[in-house]
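Novice: Sequence:
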Amino acid sequence: MPDLSPNHPTYQSCKRNLNAFLNSGKGGTVYLGVSDDGSVHGLKMSHFQKEHFLESLDDLMMRYEPTVAPHRYNVKFIPVIEQNTTEADILKLCTYDSSFAAASLERNRKHVLRNPCYCWCDKEAVAAYNCGLVTPDYVVEVVIQPWKRDDPRNVGLGLIINIHPLHKDEEGKIYFRRQASVVQYSLNSLVQITKQEVKELCEGEIARLKGEIALLKQRRRLLS
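Just so you know, we're using the numbering used here here: the sequence shown kicks off at 1 and counts up by one.
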C-alpha cells in the first residue's frame, strides 16, 4: 500500500519535482514505484487508491498559484510485469479493476484528502490483502507537459508575451530544476530568471522578424 500522506518524504519529493517541472516550462516526468538506482518495484494500488491519487493530484494543482490547468499534466498507471508473465496474465493485469466487487455505495464514497491519516480506500486495500486478494503493482507516471505558447488553452495564463507562468505551491514556495537537483529560489533569483527568459524570447522573435524582412527584400529584388 503506497504511503503518500502529506508528511511522507516520497510525497514531499514528488511535490517539489512537479513544481520544478512546471516552473521550468520544459515539462518533465515523475515516476513513483521506481527507486533511485532504476529498479522497478511498483506500488500496490487498488482501483479506488488510483482514483484517490488522481483526486489528490487535481486538488494539489488547484491549490497552486496560479492554478494549473488539467491539460498541462496527465497520469498513467503502468502495471509491473515479470519477465515470465504470459500474454493472458498481462491482459488481465492491464484490464484489472478491483471496483467490480465493491458495493454501489463505496463507488460514490468521497476520498479523504489533505489528511495524514489513511483514507477508507487504504483501509479497504489492507482488508482485501488480509483476505488473500492480491492487488497489482503499478509504476505511476506523472507527466508535466512542456509549455506551449501557441496552445489556445494557454492564452492568458502566461506572463509577459505569454512565457510560461511561475507557480507557487500550496505552501507558497517556488522550485526549479538545476542540473539533477531541485532548488527553491528566492524572489530576487526569480526576477533575474524572468528577465533572462523574456530577453531570450524577444531576441529570438527579433531574429525571426529580421529573417522575414530579409526574405521579403530578396523577393522584391527578384520581381523588380
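Watch out, some of these pointers could steer you wrong.
Calculated pairs, BS3-like style, for lysine-lysine (alpha carbon to alpha carbon, straight line, at most 25 Å) [to be verified]: (1) K50 with K123; (2) K26 with K195; (3) K173 with K26; (4) K92 with K26; (5) K110 with K44.
Here are the in silico distance ranges between beta carbons for each label pair [unchecked claim]: (6) L113 with V143: 31 to 41 Å; (7) L54 with R208: 35 to 45 Å; (8) S186 with K210: 13 to 23 Å.
Hints listed in this document are in silico derivations from the structure and should not be mistaken for laboratory results.
Just so you know, these numbers come straight off a predicted model, no measurement behind them.
Ideal Cβ placement from N, Cα and C applies to all residues, glycine included.
Novice: So, for every hint listed, does it hold in this structure?
Specialist: Hints versus structure:
| no. | hint | verdict |
| --- | --- | --- |
| 1 | K50 with K123 | holds, 14 Å |
| 2 | K26 with K195 | holds, 17 Å |
| 3 | K173 with K26 | holds, 19 Å |
| 4 | K92 with K26 | violated, 36 Å |
| 5 | K110 with K44 | holds, 21 Å |
| 6 | L113 with V143: 31 to 41 Å | violated, 22 Å |
| 7 | L54 with R208: 35 to 45 Å | holds, 40 Å |
| 8 | S186 with K210: 13 to 23 Å | violated, 36 Å |
Going down the numbered hints, you'll see the structure goes against 4, 6, 8, while the others check out.
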